[in-house]
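Chemist: For the record, the sequence lines run as chains S and V.
Residue 1 is where the first sequence starts when you use the working numbering, and the numbers rise one by one after that.
Residue 1 is where the second sequence starts when you use the working numbering, and the numbers rise one by one after that.
These are computed hints drawn from the structure, not numbers from a lab.
Built from N, CA and C at the ideal position, the CB exists for glycine as well.
There's no promise every hint is true.
Said to hold, decoys possible - Chain S regions said to be covered by chain V (calculated; three or more residues, Cβ under 8 Å):
#1 3–14
#2 60–69
#3 111–121
Said to hold, decoys possible - Straight line, CA to CA, 20 Å or less: simulated EDC-like cross-link-like pairs of lysine to aspartate or glutamate:
#4 V:226 <-> S:82
#5 V:226 <-> V:300
#6 V:142 <-> S:82
#7 V:92 <-> V:68
#8 V:226 <-> V:198
#9 V:226 <-> V:204
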Amino acid sequence: MASSMMLASYALARREVVRFLRQRNRVFGALAQPVLFWVIFGAGLSPSFRTGSVGYNEYFFPGIIVLILLFTAIFSTISIIDDRNSGFLQGVLVAPIPRSAIILGKVGGTTVLAVGQALLVSIAAPMLGMSIAPAGILLSIPVLVLVSIALAGLGIWIAWRMDSTQGFHAIMTSGLMPMWLLSGAFFPPGGVPRWLAVVIACNPLTYGVALLRHALYLGNPAATASLPSPALCLAATLAFACATLVGASAAARARTAGALP
Amino acid sequence: MTAATVRVRDLRYSYGDRVALDGVSFEVAEGEIFGVLGPNGGGKTTMFRILSTLLPVAAGRVEIAGADVATDLAGVRRTIGVVFQSPSLDIKLTVRENLICHGHLYGLSGAELERRTGAGLAALGLCDRSASYVEELSGGLKRRVELAKGLLSEPRILILDEPSTGLDPGARRDLWDYLLELRRERGTTVLVTTHLMDEAERCDRLAILDRGRIVAIDAPDALRRKIGGDVLTIRSTNTGILQGEIEKRWGIRATCVDGCVRLEHPDARGLLREIYEAFPSDIDSIQLARPTLEDVFIRETGHQLWSE
Chain S
1 MASSMMLASY
11 ALARREVVRF
21 LRQRNRVFGA
31 LAQPVLFWVI
41 FGAGLSPSFR
51 TGSVGYNEYF
61 FPGIIVLILL
71 FTAIFSTISI
81 IDDRNSGFLQ
91 GVLVAPIPRS
101 AIILGKVGGT
111 TVLAVGQALL
121 VSIAAPMLGM
131 SIAPAGILLS
141 IPVLVLVSIA
151 LAGLGIWIAW
161 RMDSTQGFHA
171 IMTSGLMPMW
181 LLSGAFFPPG
191 GVPRWLAVVI
201 ACNPLTYGVA
211 LLRHALYLGN
221 PAATASLPSP
231 ALCLAATLAF
241 ACATLVGASA
251 AARARTAGAL
261 P
Chain V
1 MTAATVRVRD
11 LRYSYGDRVA
21 LDGVSFEVAE
31 GEIFGVLGPN
41 GGGKTTMFRI
51 LSTLLPVAAG
61 RVEIAGADVA
71 TDLAGVRRTI
81 GVVFQSPSLD
91 IKLTVRENLI
101 CHGHLYGLSG
111 AELERRTGAG
121 LAALGLCDRS
131 ASYVEELSGG
141 LKRRVELAKG
151 LLSEPRILIL
161 DEPSTGLDPG
171 ARRDLWDYLL
181 ELRRERGTTV
191 LVTTHLMDEA
201 ERCDRLAILD
211 RGRIVAIDAP
221 DALRRKIGGD
231 VLTIRSTNTG
241 ILQGEIEKRW
251 GIRATCVDGC
261 VRLEHPDARG
271 LLREIYEAFP
281 SDIDSIQLAR
291 PTLEDVFIRE
301 TGHQLWSE
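I would like the entire structure built from these sequences, with the hints used as guidance.
Modeler: In structure tokens form, the structure reads like this:
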């Protein structure tokens, strides 16, 4: 039973990857936009940005890596709505596999794509003159995996009941993008107004971004001094991933007319 | 007849206030080709969705190969093969990739999956298209891939929703030849919904589903025999008056359907002459025909298959 479930998840994950590689515009969307953001905001904000040990370009870099994860998760989970509308999902829904296998397949495929793209950009960091060591990039891989799982689970949780991609776009711009903006990815949380500090502290992605910084700057205490502790970051990110996976599985278990193609 | 392999008892389903199935009961025997004939909106698709486990059983009982759909979802899903009316293929994958992915979902892999994929492609004449992307295929070829997909798990019970949608008459004939062959060689039970009369004709037994209820259930021939004699269809501009006059004068039941007066009579031929001579100016045309399943449908429901 367990092995047939893994086989089903593998087949669905593999399909995600194959589809992605056959749709070049998706590669562009998930990778080019964050890199463009990095170039533009980096150039624009660097002169007015004062922080401890690194310049804004470098501060923003891990944030951009997380944005790549977020965009990939969003694109992949939007494809659930497409799968439903194109009819592919109905064939999967009547297969003798638990719904959690479907979620696992989608999350697995998304994570492979997200981490692959994030690494492609990460390995450019040392060449761009940042103080990120190759060992840091290696250590960041499990963090990237964990954050990807959390974001993919979140995307599926939101997308499962939706019947239009427009609806998902609305949630993306009003919910997911602010979640990223207020995670310490875009600006450091130190010195912001109290209400904003509370929002940032309650944002689960804050701890994912911080965990990534801890990994990339291992052995460089100056770069991670103002962050929550690695243990807290790891616990919060694990909890985030578990919560979204449970939420997505619960959403997928419902059999109602609204969930039909 | 062998034991029933599909048992549906007093099945009900509503979408909010709209009742889609209003107490449907029937049984399908092992190896039978069973059709559900009805107009669009009559409840066919709802029933298909419940039998294929997309929708839950709201009230009533559905048993498939001994497994209760309400309690043993996994057991039912392992037994059935499903062919949807709407496409269920991934158009960005090739024909073969679609089948392999589907096989994995049913726990198949390795040499066994290769064998079944090859056999399925061969049986449906798809060998030379196995490496084509589905989006490049014609509608008829896509339907064949859908069928190959539904059969890959070698299901004991095959459930098809309007399988001829988008098929030309030749392809439709091929599809039915294949279904008959499956039944002959593997004893596959086939449950098919349709609104097409020629498709209904090829079923062993037929349930006529209208407004959420089964109004008749029998072999196509037996259903036709229920109509005593032949059918007269009289086109007229005064159907209301003509219907009343005919009923009064000959003491028979006539119905008004879609601008025509329609009646059945053991001596329809003799009656045709009498009616024509009695109302020469009221009749635009008059047609005498042997009863079709459509006539059975009109008789049982009081309206045409296509009317809403």
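Chemist: Decide, hint by hint, whether the structure agrees.
Modeler: We went through each hint and held it up to the structure:
no.	hint	result
1	3–14	holds (count 7)
2	60–69	violated (count 0)
3	111–121	violated (count 0)
4	V:226 <-> S:82	violated, 48 Å
5	V:226 <-> V:300	holds, 10 Å
6	V:142 <-> S:82	holds, 19 Å
7	V:92 <-> V:68	violated, 36 Å
8	V:226 <-> V:198	holds, 19 Å
9	V:226 <-> V:204	holds, 17 Å
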